[in-house]
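Model the full assembly from the supplied sequences, consistent with the hints where possible.
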Amino acid sequence: MPTFVQILDFIGTFAFAISGIRLASAKRFDWFGAYVVGLVTAIGGGTIRDLLLGVPVGWMQDPIYLICTGVALLSVILFSKYLVHLHNTFFIFDSIGLALFTVVGVGKSISLGYPFWVAIVMGTMTGAAGGVIRDVLINEIPLIFRKEIYAMACVVGGVIYWICYLAEIDFVVTQLISGAGVFLTRILAVKYHICLPTLKGEAQD
Amino acid sequence: MPTFVQILDFIGTFAFAISGIRLASAKRFDWFGAYVVGLVTAIGGGTIRDLLLGVPVGWMQDPIYLICTGVALLSVILFSKYLVHLHNTFFIFDSIGLALFTVVGVGKSISLGYPFWVAIVMGTMTGAAGGVIRDVLINEIPLIFRKEIYAMACVVGGVIYWICYLAEIDFVVTQLISGAGVFLTRILAVKYHICLPTLKGEAQD
Amino acid sequence: MPTFVQILDFIGTFAFAISGIRLASAKRFDWFGAYVVGLVTAIGGGTIRDLLLGVPVGWMQDPIYLICTGVALLSVILFSKYLVHLHNTFFIFDSIGLALFTVVGVGKSISLGYPFWVAIVMGTMTGAAGGVIRDVLINEIPLIFRKEIYAMACVVGGVIYWICYLAEIDFVVTQLISGAGVFLTRILAVKYHICLPTLKGEAQD
Numbered sequence: 001m002p003t004f005v006q007i008l009d010f011i012g013t014f015a016f017a018i019s020g021i022r023l024a025s026a027k028r029f030d031w032f033g034a035y036v037v038g039l040v041t042a043i044g045g046g047t048i049r050d051l052l053l054g055v056p057v058g059w060m061q062d063p064i065y066l067i068c069t070g071v072a073l074l075s076v077i078l079f080s081k082y083l084v085h086l087h088n089t090f091f092i093f094d095s096i097g098l099a100l101f102t103v104v105g106v107g108k109s110i111s112l113g114y115p116f117w118v119a120i121v122m123g124t125m126t127g128a129a130g131g132v133i134r135d136v137l138i139n140e141i142p143l144i145f146r147k148e149i150y151a152m153a154c155v156v157g158g159v160i161y162w163i164c165y166l167a168e169i170d171f172v173v174t175q176l177i178s179g180a181g182v183f184l185t186r187i188l189a190v191k192y193h194i195c196l197p198t199l200k201g202e203a204q205d
Numbered sequence: 001m002p003t004f005v006q007i008l009d010f011i012g013t014f015a016f017a018i019s020g021i022r023l024a025s026a027k028r029f030d031w032f033g034a035y036v037v038g039l040v041t042a043i044g045g046g047t048i049r050d051l052l053l054g055v056p057v058g059w060m061q062d063p064i065y066l067i068c069t070g071v072a073l074l075s076v077i078l079f080s081k082y083l084v085h086l087h088n089t090f091f092i093f094d095s096i097g098l099a100l101f102t103v104v105g106v107g108k109s110i111s112l113g114y115p116f117w118v119a120i121v122m123g124t125m126t127g128a129a130g131g132v133i134r135d136v137l138i139n140e141i142p143l144i145f146r147k148e149i150y151a152m153a154c155v156v157g158g159v160i161y162w163i164c165y166l167a168e169i170d171f172v173v174t175q176l177i178s179g180a181g182v183f184l185t186r187i188l189a190v191k192y193h194i195c196l197p198t199l200k201g202e203a204q205d
Numbered sequence: 001m002p003t004f005v006q007i008l009d010f011i012g013t014f015a016f017a018i019s020g021i022r023l024a025s026a027k028r029f030d031w032f033g034a035y036v037v038g039l040v041t042a043i044g045g046g047t048i049r050d051l052l053l054g055v056p057v058g059w060m061q062d063p064i065y066l067i068c069t070g071v072a073l074l075s076v077i078l079f080s081k082y083l084v085h086l087h088n089t090f091f092i093f094d095s096i097g098l099a100l101f102t103v104v105g106v107g108k109s110i111s112l113g114y115p116f117w118v119a120i121v122m123g124t125m126t127g128a129a130g131g132v133i134r135d136v137l138i139n140e141i142p143l144i145f146r147k148e149i150y151a152m153a154c155v156v157g158g159v160i161y162w163i164c165y166l167a168e169i170d171f172v173v174t175q176l177i178s179g180a181g182v183f184l185t186r187i188l189a190v191k192y193h194i195c196l197p198t199l200k201g202e203a204q205d
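Chains as they are written, first to last, in my numbering: chain G, 1 to 205; chain V, 1 to 205; chain X, 1 to 205.
What you were told as hints is all true, and nothing was included just to trick you.
Facing chain V, from chain G, some residues (calculated, C-beta under 8 Å):
#: 1; residue: 25
#: 2; residue: 31
#: 3; residue: 51
If you are wondering where the hints come from, they were derived from the structure by calculation, not from laboratory data. Source: prediction; values computed, not measured. Idealized CB from N, CA, C, for every residue including glycine.
Here it is, written out as structure tokens:
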């Protein structure tokens, strides 16, 4: 029987893979290209985190991530017409994935003895770096650098994790509150179009 | 005396470097930029593989890859006019490189005790990831995600390796059959314009 | 009290971060996006170097790099109007950073027992790879592959380091001469518009 966290992990991986596959398909990628972009979106953040932390890379321990991306590809191939109407469902799934990946990244870093500022960076990277690599591969400016609050939600969740830890709150409760913090920040940011300020840029020579 | 595999490795590295240098030159890169793009095309896939496998990075053990890329740059500088007519020769060289790099990647992963699904991913990465980084650096959508079967040839070779391994076929024969599988898949795909299906993409919001 | 090298390191990090933040702001990135691009410009080269060398990643040992990038972001937000007039100052700072990062990269590699050709690649990567990742993230062709001598200055500095080492010159003097070599090469290249030759590229099919 898979645990509750494993089910959430599968949902998050699936949602991230779907987002990569759909953006790739909008660029006329073939099935293989779409699969790669979906996979990278789902596992890219965790991979960079594990390389930086110097621990074995997560997706190389369990084929579930490759299988899950395959299921996502199949879903897009078979049901692409209907997926458009599931926009809000995917948004919820994506936000669940973001919350879970962040909490996993923060927790893993702390359990390895890293200080909190490293853990927050790692949590944010786990949640958001896959989407950055996805956008680089489809040759677009990374979405998360310009649109509604996305990666900042991971930072918020990381800071909440820290505060809970300092307040010696129970481990499971800490994870739940932190994950809820990421999820709600993201949902509210999109619902109320909350963006970070933009820099007044001047073109450089 | 270099071994047969070392000669194939040199040919593959040279062909990959030439492909990077020529695409960089089409974008008006200077000599240094072209050298870097050529080098990354040749060693990028193996570098990511070694980082993920947690072993010392291949090109840092032997200067041959840097030298080989230098020879490739010199060739393009001196003979760029004539290289155009060698299109088919380079295609054959590139396919040899793809086959060899795939077999090396699969073999290295297995010898380190990784399961076969990891080995196939690593073989594909060794063969194809360098070309993806090359296209990111020259700011193009990676070619292998949209054109004739390329990285899929690596997957085919990896699966053949697996079957041979399960059938307890001799190690050298396994490598030859697997490499031939990559090479022939690639050659036939280009000759008969075999492409993977493309996803019917709709632009997202 | 911070040492002289720490002060130079802070100046270099600050200058690299500013360059990332300003280019990001020209692309209308939000504050978070600009911070990430600034951070990656400052620490990207060193991060890749440390992963390749198989040692703990530098910026994860000390929060100064994250703080320094935060100060850089704040400076751009508050003083962006005035920064334009400081163009030459930033150019000097950036060249100091380039020189210091190169020397640190070469020195670290040698102290780990790597041969000199690896050390020169690592020094060049420490100095120049951050700028390449920056340009990939803002979806531009990397500047250093096409404009005045930049990464070549790191190679020059690395070779000088090597010659000093062979001549058994004192360690501190070696570092100073090598760093001065990078700095002067860069300054002179920009002052006299010294570029490397460009390849005569033909568009490929």
